[in-house]
Structure formats: structure tokens, C-alpha cells
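*Asks:* What follows is each chain in one-letter form.
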Amino acid sequence: MSDKTAITPATHTTPPAKFSHGVRKGNILQVAGQVGFKPAVEGEAPTPVGPTLREQTLQTFANVKAILEEGGASWDDVMMMRVYLTDVAHFAEMNEIYNAYFEAEGLKEAPAARTTVYVGLPPGLLIEIDALAVLG
Amino acid sequence: MSDKTAITPATHTTPPAKFSHGVRKGNILQVAGQVGFKPAVEGEAPTPVGPTLREQTLQTFANVKAILEEGGASWDDVMMMRVYLTDVAHFAEMNEIYNAYFEAEGLKEAPAARTTVYVGLPPGLLIEIDALAVLG
Amino acid sequence: MSDKTAITPATHTTPPAKFSHGVRKGNILQVAGQVGFKPAVEGEAPTPVGPTLREQTLQTFANVKAILEEGGASWDDVMMMRVYLTDVAHFAEMNEIYNAYFEAEGLKEAPAARTTVYVGLPPGLLIEIDALAVLG
Numbered sequence: 001m002s003d004k005t006a007i008t009p010a011t012h013t014t015p016p017a018k019f020s021h022g023v024r025k026g027n028i029l030q031v032a033g034q035v036g037f038k039p040a041v042e043g044e045a046p047t048p049v050g051p052t053l054r055e056q057t058l059q060t061f062a063n064v065k066a067i068l069e070e071g072g073a074s075w076d077d078v079m080m081m082r083v084y085l086t087d088v089a090h091f092a093e094m095n096e097i098y099n100a101y102f103e104a105e106g107l108k109e110a111p112a113a114r115t116t117v118y119v120g121l122p123p124g125l126l127i128e129i130d131a132l133a134v135l136g
Numbered sequence: 001m002s003d004k005t006a007i008t009p010a011t012h013t014t015p016p017a018k019f020s021h022g023v024r025k026g027n028i029l030q031v032a033g034q035v036g037f038k039p040a041v042e043g044e045a046p047t048p049v050g051p052t053l054r055e056q057t058l059q060t061f062a063n064v065k066a067i068l069e070e071g072g073a074s075w076d077d078v079m080m081m082r083v084y085l086t087d088v089a090h091f092a093e094m095n096e097i098y099n100a101y102f103e104a105e106g107l108k109e110a111p112a113a114r115t116t117v118y119v120g121l122p123p124g125l126l127i128e129i130d131a132l133a134v135l136g
Numbered sequence: 001m002s003d004k005t006a007i008t009p010a011t012h013t014t015p016p017a018k019f020s021h022g023v024r025k026g027n028i029l030q031v032a033g034q035v036g037f038k039p040a041v042e043g044e045a046p047t048p049v050g051p052t053l054r055e056q057t058l059q060t061f062a063n064v065k066a067i068l069e070e071g072g073a074s075w076d077d078v079m080m081m082r083v084y085l086t087d088v089a090h091f092a093e094m095n096e097i098y099n100a101y102f103e104a105e106g107l108k109e110a111p112a113a114r115t116t117v118y119v120g121l122p123p124g125l126l127i128e129i130d131a132l133a134v135l136g
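Protein chains in written order, with UniProt numbering: chain C, 1 to 136; chain H, 1 to 136; chain D, 1 to 136.
Treat the hints with care, as some may be off.
Identical copies carry no separate label here, and so any pair may be met within one copy or between two of them.
Cross-link-like lysine-lysine pairs, in silico, DSSO-like; alpha carbons within 30 Å at most [stated by the list, open to error]:
hint: 1; residue 1: Lys-18; residue 2: Lys-65
hint: 2; residue 1: Lys-65; residue 2: Lys-4
hint: 3; residue 1: Lys-65; residue 2: Lys-38
hint: 4; residue 1: Lys-18; residue 2: Lys-108
hint: 5; residue 1: Lys-65; residue 2: Lys-108
hint: 6; residue 1: Lys-4; residue 2: Lys-108
Rather than coming from a laboratory, the hints here were simulated on the basis of the structure.
Required output: the full structure, derived from the provided sequences and hints.
*Replies:* And the structure:
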């Protein structure tokens with residue numbers, strides 16, 4: 001019997017409903033869909049870090065990473081990343097940002113699998129990412 | 001070697017292709033995408049419980065829960081819920097229904113992670129949800 | 001401690017960014033989103049096998065299967081398939097192709113769970129599929 005633990009980094013905005021930014025149970029860690037919201041400020045509504053794909057993608061990576069670390073994991077443990085974009089025209093730029101980010105992170109092991117699809121997101125948001133990690 | 005077992009509650013409509021409403025193998029239980037179809041009636045095509053988001057969301061939760069229970073799990077075991085809506089304008093109402101439902105269910109442990117995106121669904125359907133659970 | 005291993009069949013086109021077509025860690029194997037690209041030809045850009053849903057669906061299945069096999073798994077180990085279509089009108093035909101394919105594959109055990117949603121995909125692509133497998 002392993003405990004299920006909610007992962008809620010202090011920097012993260014309060015979820016808009018009763019779910020967790022991340023959950024860990026045994027060696028499985030699931031990161032909820034993250035967007036480019038900047039760190040939470042008490043009394044302020046969640047706000048995207050900026051209007052551009054670059055700003056939002058980098059902030060989204062930071063938000064995913066914070067949840068992984070709070071749950072005792074790292075990028076190396078990630079098995080799957082789901083990338084939701086709003087515009088097919090953003091694919092090439094997202095890949096450039098993605099590659100530069102993970103190179104800078106010094107990711108040594110085999111990268112995760114990934115699926116990218118194009119969906120609707122709330123107004124002002126250009127990217128959402130969730131992730132499944134297996135630890136140990 | 002653990003057996004993979006299909007989970008097919010008697011109340012559920014027959015899937016439109018050779019897949020299962022749920023599958024369990026070892027301590028992992030995957031719930032297929034559920035929609036607001038009312039319990040199956042022999043000889044009748046699958047029919048949504050009603051046209052409103054509230055009706056369909058509550059029936060979808062009931063359909064997910066039946067699969068969890070048939071597979072020996074409960075909401076407490078759910079790690080991730082993927083919510084597919086057709087309209088960004090439905091987000092706030094879905095969250096209200098979601099919160100009230102899980103409060104009524106008396107969910108005690110840390111809630112699951114969640115991702116919500118906006119996609120196309122077959123005509124008449126406003127919401128689809130799938131879930132990943134880890135037991136034990 | 002189990003190693004995370006990237007799965008990259010020789011027949012597959014190079015991913016458009018630093019991710020893997022599949023990843024295995026312990027008994028979990030994640031297949032990245034596959035589309036109907038024909039086997040890689042050095043110096044040529046990834047090309048869909050044909051314009052029709054049938055051609056692309058069968059090639060996508062072949063691409064998923066190659067990753068499963070390279071990772072030591074088979075269709076019997078698949079827990080979940082996520083099917084992304086671009087057009088609700090393709091659902092019935094995809095199900096026919098899906099059923100005929102898995103009948104021909106001689107799938108004996110309980111089939112996987114499945115979620116199908118309708119999203120945007122890059123121009124020329126009609127279907128994308130990813131899969132989660134649990135081995136052993």
C-alpha cells in the first residue's frame with residue numbers, strides 16, 4: 001500500500017477546481033496540465049508570464065519542473081510529455097525552444113516520448129503541457 | 001506476470017469498436033474515454049442522458065466511477081483525469097459541477113491531477129473524460 | 001533502479017525535436033504520438049504514406065507496433081490507445097479499419113482502453129495515435 005500524495009508547489013497558482021498540480025503514488029508521478037502562469041501572487045488572478053510562445057513555453061517548463069522536483073523527480077524520470085498548442089504554425093518554434101531548454105538543462109538520459117496536438121485553450125494561452133514520470 | 005483484464009460494466013453501452021471501457025493489469029487501471037451516455041438499453045443506440053453540460057458531466061462521472069469500481073478501484077486511486085470540453089465557455093460551470101460532485105463523494109485523499117483541453121466531439125456531446133488509476 | 005531506455009526503430013523518421021518515439025522504464029512502455037509517415041529515407045523529409053484515412057491509419061498502427069516490438073512488448077501489453085482524428089466524419093471508417101486490423105493481428109487478450117478526440121494536426125495528416133503499455 002503506497003500513499004497518494006498531492007504535489008502543490010508554493011509558487012503555483014491555486015488550481016481552478018479541486019485537483020492537484022501533481023500527484024505521486026509509489027513510483028508514479030503525474031503532472032497536471034501546466035500553462036505559462038507566472039508564480040502566484042496572493043490576491044491576484046493567475047496571469048500568463050507574457051503573450052509570446054517563447055515566454056509561455058519556458059514558464060510552462062519551469063512550472064512542470066517545479067512539480068517534478070517537489071515530488072522527488074527530475075526531467076530524467078519523465079516518460080511522456082503531452083504538448084497542447086493552439087496553432088500548427090507554432091510547432092517549429094516550440095521545437096526550437098524545447099531543444100534549447102533541454103540542452104541547457106543538461107538532460108543526459110534518453111528523452112521522454114511526446115505527443116503534440118492542436119486544441120483550444122483559454123484566451124491568451126498558447127501552450128499547455130502535462131507529464132507522466134516513473135521514478136526509481 | 002499479471003493478467004490484463006477488460007472491465008466492461010453491464011450498464012455500459014457496447015464500445016463502437018473492439019476496445020474496452022477499462023483495462024486493469026497489475027496495479028494499473030486505465031479508464032477509456034467516457035461520455036454522458038445513459039445506461040445501455042438492448043437494441044437502442046447509445047444516447048446522451050441530456051443536452052446540458054450538467055447532465056452529461058454527472059453521467060460521465062458515474063460512468064467513470066462504475067469502471068473504477070468494477071476494476072476494484074475508487075476515486076481515491078485516480079492519479080489523472082483528462083477532461084475534454086468542446087467550448088471554453090463551459091470551463092467555469094464544469095469546475096462547479098466537478099467540485100460539488102467530489103465533495104458529495106466525500107473524497108478524502110489528495111485529488112487527482114487533471115488536464116482540460118478543448119476539442120471536437122461527436123455531435124450532441126459536450127464532455128468526455130478518461131482516467132488513470134494506480135491501486136494499492 | 002530501472003534504466004530508462006529510448007526506443008528508436010531504424011525504420012522511423014527522426015523526431016522533429018529531442019524526444020523519443022518510445023521510452024521504456026521498468027515494466028512501463030510509452031509510445032509517442034505516431035502518424036502515417038512511411039519508413040524513413042535518408043535525406044528525405046518525413047512523408048505520409050498516402051492521403052487517405054485507411055493508408056494513414058494502417059501505417060500509424062505499423063509504426064506503433066514497431067516501437068512496441070523494439071521495446072519488447074506487443075499489442076497484448078497495450079493498456080491505452082489515444083486516437084486523434086481531424087474530422088468527426090472519420091470515426092466510423094477508423095473503427096472499421098481498427099477492428100479489421102486487430103482481428104488480423106489475432107489479438108487474443110482483452111483489448112486496450114481507448115479515447116478518441118478531434119483535434120488539429122499538421123497539414124496532410126488525418127490521424128495520430130499514442131499508446132501506453134504495461135509489460136509482464
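*Asks:* Hint by hint, which ones does this structure get wrong, listed from lowest number up?
*Replies:* Those not satisfied: there are none.
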